[in-house]
Structure formats: C-alpha cells, structure tokens
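Build out the structure end to end from the sequences listed, making use of the hints.
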Amino acid sequence: MKNSAKFIIPILSLLFFCIFWEWLVWINGWPNYKMASPSDLWPAFWKFRWLFLSYGWDTLWRTVVGLSLSVLVGLGFGIIMGFSKTMRIALYPLLVGFNAIPKATVVPVIALMFVGMHDMNTILIVILISFFPIAVSIAVGLSTLEPEYKDILLSLGASRFEIFYKIALPKTLPEFFGALKVSTTLAFIGTNLMEIIEPHGKGLGHLFDSGKISADYPLMFSVLIALALLGIFLFYIVVLFESVFAGWAERN
Amino acid sequence: MGGDYCHPQQIYMHIELRNISHAFQLETGLLPVLQELSFTISKGKFVSIVGPSGCGKSTITRLASGLLKPNHGEVYISNELVSSPRSTVGMAFQNPVLLEWRNVLDNIVLPLEIVSREMPKAGRKQRARNLLKLVGLEEFEKSRPSELSGGMKQRVSLCRALVHKPEVLILDEPFGALDAFTREDLWQTMLTLKREESFTCILITHDLREAVFLADEVLVLSGRPATLQYKLDVSLGDNRKLTDLYTSQTTKSLAMLRNQIKIAQEKQINHEKFC
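Chains A and B are the protein sequences, given in the same order.
Here the first sequence stands for residues 4 to 255, where the numbers follow the working numbering.
Here the second sequence stands for residues 2 to 276, where the numbers follow the working numbering.
For the record, the hints were derived by calculation from the structure and aren't laboratory data.
Careful: at least some of the hints might be erroneous.
No farther apart than 30 Å at their CA atoms in a straight line, the calculated lysine-lysine pairs in the BS3-like style are these [said to hold, decoys possible]: (1) A/153 to B/70; (2) B/143 to A/5; (3) A/153 to B/143; (4) A/174 to B/70; (5) A/174 to B/166; (6) A/153 to B/46; (7) B/143 to A/174; (8) B/70 to A/88; (9) B/126 to A/169; (10) A/88 to A/184.
Interface residues of chain A toward chain B, partial, derived using beta-carbon atoms under 10 Å [to be verified]: (11) 149; (12) 151; (13) 152; (14) 156; (15) 158; (16) 161; (17) 162; (18) 165; (19) 170; (20) 173; (21) 174; (22) 248; (23) 249; (24) 251.
Far from chain A, by Cβ distances over 10 Å, these chain B residues were calculated [said to hold, decoys possible]: (25) 39; (26) 82; (27) 137.
Computed from a prediction, not measured in an experiment: that's the story for all the values here.
Glycine included, C-beta positions come from ideal geometry on N, C-alpha and C.
Below is the structure:
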C-alpha cells in the first residue's frame, strides 16, 4: 500500500463517521442534551480552547508518566513470572483478582490514602489499571520461549542475563507492543477516572465534570472527542516505537 | 586448516562417554533412558548415532554439550571432565531457531558475541561471511530469516554452530524436517564444511542413509534404556558422492543397520511391557 493511502484512508473513515453522526442526529431530530452533533462541538471547543489546551496537557502528561511507570511495573512482574514457575503460580491469582476489582472503587481509597497529592494519585491509578496486560504478555512470552533458543546460548556458557537481553527480550517485543497498545487506551481511562470521580481542578475529566454541572452538553461531548484524539495520538506514538523496535515481526 | 589433526600418530580420544546412566524423573516414576553407555570418538571423526525413537539420543547431545549432568558416569572432551557448558561446542537442531530480528549475518555472529568478546566486529563479520560462502549463501547475508527457505535456514544454523570454531559439533537431526532433495543438498554442504573446518562431530539422526553418507562411524543404540548395541565403520573415504549410497557394499551396510534398529525396537517394546 502506498504511504499516502495509509494517511488518507483513516482520515476518510473519520470523516465518514462524522457525517454519519451528524446525519443520525439530524434525521432523529435529537436535541443536543440527548445527543450533540459534530457541528455543535466545534463552537463548544472554541469557546473553551485555552482550557482544553491546559487541561488536555494535564491529562496527557499524567497519562504518559503513568503509562511509562506501568511499563516498568509490568515488565518487572512479567520477568519474575516468566522465569519462575513458582512465582507464576503464586502471583497469577493475586494479579487477576486485583485486575478484576473495578478501578472506580479504588479511586476514593487512593484519594483518601494520599490526600491532596493529585498528580501522584492520578498516576497511581493509571499504573494500576494498565500494567496488567503488559505483565501477562511478558510472562507468557518469556515462559513459552522454545528451549532450543536457550540451548544455543547456554551451550556456549552464556549467563542468564545474556540469554534474557539477547534472545528472550527481543523475541517477546511483538507481544509486548500488542499489550502496550491495550494499556495505552486503558491508561486514559485511569486518568479520567481520577479526574472525574475525585475532581481536583485538573485535566479533561474536570472539564467534563464542569460541563455536566452547567448542563453544557456540547462541552461534554467535545471533551470526549478530545480524549479520543489524545488516545489516537498516543496510540500512534506506540505504533511508531513498535515499528522501530519490533518492525522485524511485520511481514509483507 | 587444522591439517595436523589428520596425522595418524596424533589421533587420540576426543570425546569419551564413560559408563553413562541417566534417568528422567516423571510424575509416574523414574524413566531410565541411558544405561551404562560408553563410547569414544577420535579427534576429527564424524560419528552418527541412530536408534529407535525416544531411546535417549537427544539426551546424549545435552550430555556432550554439558547442558545436562548424567546421574552416573562421566563425559570427557579432550581428556577434561565436562561439568558445565563450554564454548568449544557448537550445536544445531532440527528447529533452526534463528533470531527473526537479526539478519542472516548477525545471526551467525551471535556465538562470537558470547565467547569472543574481544574479537573486533569486522573480524566477526568476515568469519561469518567466509562460512556463508562455504554453504553457498553469500548473497543472503542481509536477508531476514523469514525470507529464507527451510534448507537455507538450516545452512545458516550450521554456520552459526561453527562460527566460533568449536572443537566439537553436535547436530540433533538438523535435516529431519527437510524434503528429500534439499536434505541431499545439505549432506553435500555438510561434507564441504567437514573438509574446510576442523571439528569432531556427533550427528543424531533417524535417516540411515544420512548416517552412512556423512559419517566415519555409525553407532546404533539399543532401545530405552539405551546402551551401545552395534558399531559400523564406514569405508566411503573423503570424496563421497551420492551414488556411493547405491553400491552393493553400502546397500549391505544399510540392510545391516536396519536390522540392528529392528532388534533395538524390540528391546524397547519388551522393556515397556515389563515397566
């Protein structure tokens, strides 16, 4: 596929989606408190453009920091569980159980534990919500490494660390990036949970909350769209990293 | 290269397995795989090991490479007791296990990164290139493993096993998954490598023709628990051709080997009945 097509096709699909949305609202005659249409969103966005910019930045940086830390946490758990069967058996039920807890219920707990430390609380929720897929993918990748891969290096007297960074880690990268894409979208959910449930005057979640209080429905919708755009932006940054570090896994 | 290995007066035992017994711990109990197995291989010799499926042939490769310690008995390489993996061994398996994220040349260089850290990069690559030329893949050094055919991957795997000039080459059914004609091509490649590089080789195989065509000696293992059942000296010489496989002499040897395998299989079946 031509490079230009790779850009044009997603933009066209977005455009079609917006037209369909506008048409749906128009044909049903929905008022904007029921369903705002794309043409309502732009004025709402423009009116609050500076707030969008500064709150968007709050949301973005805390998501990125949280996601980066969740990569470290996920990698740590994944390595421990990937190399030790005992640790895998021991940690899986804990992690699965923890992951099954709705994070919305964890938000107030954390907010109470670290009162007033909003940035840290938000980042913490991001880590909690998004490290799980990374941990699982690394653990599965490492534990399913064919023994011959280890043997070619082990038979030369290589250390466990050399086997890890020369073979196990690069071989697991495609699975890791698959999980990181899932975690990226989860991370935004984490940021906004904290921003909406425990509002502290920061982030797009706070703007959403203000829209709700003042019954400004187009504003609420445009916050959702802004979040979607940030999500897409971060997702494609991950895709870019993937093509640099794990591009070899893609076959033409 | 290494011509001094060929002087008859300098031949000495290079690999020695002495009274090896080994059993695997299964959930159902102990599974004895090797029982008082002993054999020696002289320096520079090529030895094929054949035997019934599951008789412990692959266990021998792990013992000889130091990846596994036997329950009883000792393995010696160059008169030194093998107690852990050593960099003087090269291995290739049925699965070529090439690293998909490296190109062909960088795949071959891999062992040098572990055992010859001080060797300059250019020297490593030159060594890898020389080997690629021997196996006829000099034009593919920049290719990705996924772009190669099964036979080509196996050639690369052989180069990787030899790049650090190991004294001992251990091959565990490297041609087992290839089609018949590709396999014959690789036999020729193997002979070329044997001529140009100096190593003592253990080849595990299920293919009796392959065992005879490549080796100086063929060892037949008995059924599990395996011990040495039969030894065949191959008299094909250094300049072998595929047509040598169809002479009456070779046909006779092959028939004899086939018969030995049959005896070995019966032993294994009987043993399983009693277990």
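Status of the hints after comparison with the structure:
no., hint, verdict
1, A/153 to B/70, "holds, 17 Å"
2, B/143 to A/5, "holds, 24 Å"
3, A/153 to B/143, "holds, 24 Å"
4, A/174 to B/70, "holds, 28 Å"
5, A/174 to B/166, "holds, 27 Å"
6, A/153 to B/46, "holds, 27 Å"
7, B/143 to A/174, "holds, 19 Å"
8, B/70 to A/88, "holds, 22 Å"
9, B/126 to A/169, "holds, 18 Å"
10, A/88 to A/184, "holds, 27 Å"
11, 149, "holds, 7 Å"
12, 151, "holds, 4 Å"
13, 152, "holds, 5 Å"
14, 156, "holds, 6 Å"
15, 158, "holds, 4 Å"
16, 161, "holds, 5 Å"
17, 162, "holds, 9 Å"
18, 165, "holds, 6 Å"
19, 170, "holds, 7 Å"
20, 173, "holds, 5 Å"
21, 174, "holds, 7 Å"
22, 248, "holds, 9 Å"
23, 249, "holds, 8 Å"
24, 251, "holds, 4 Å"
25, 39, "holds, 23 Å"
26, 82, "holds, 15 Å"
27, 137, "holds, 22 Å"
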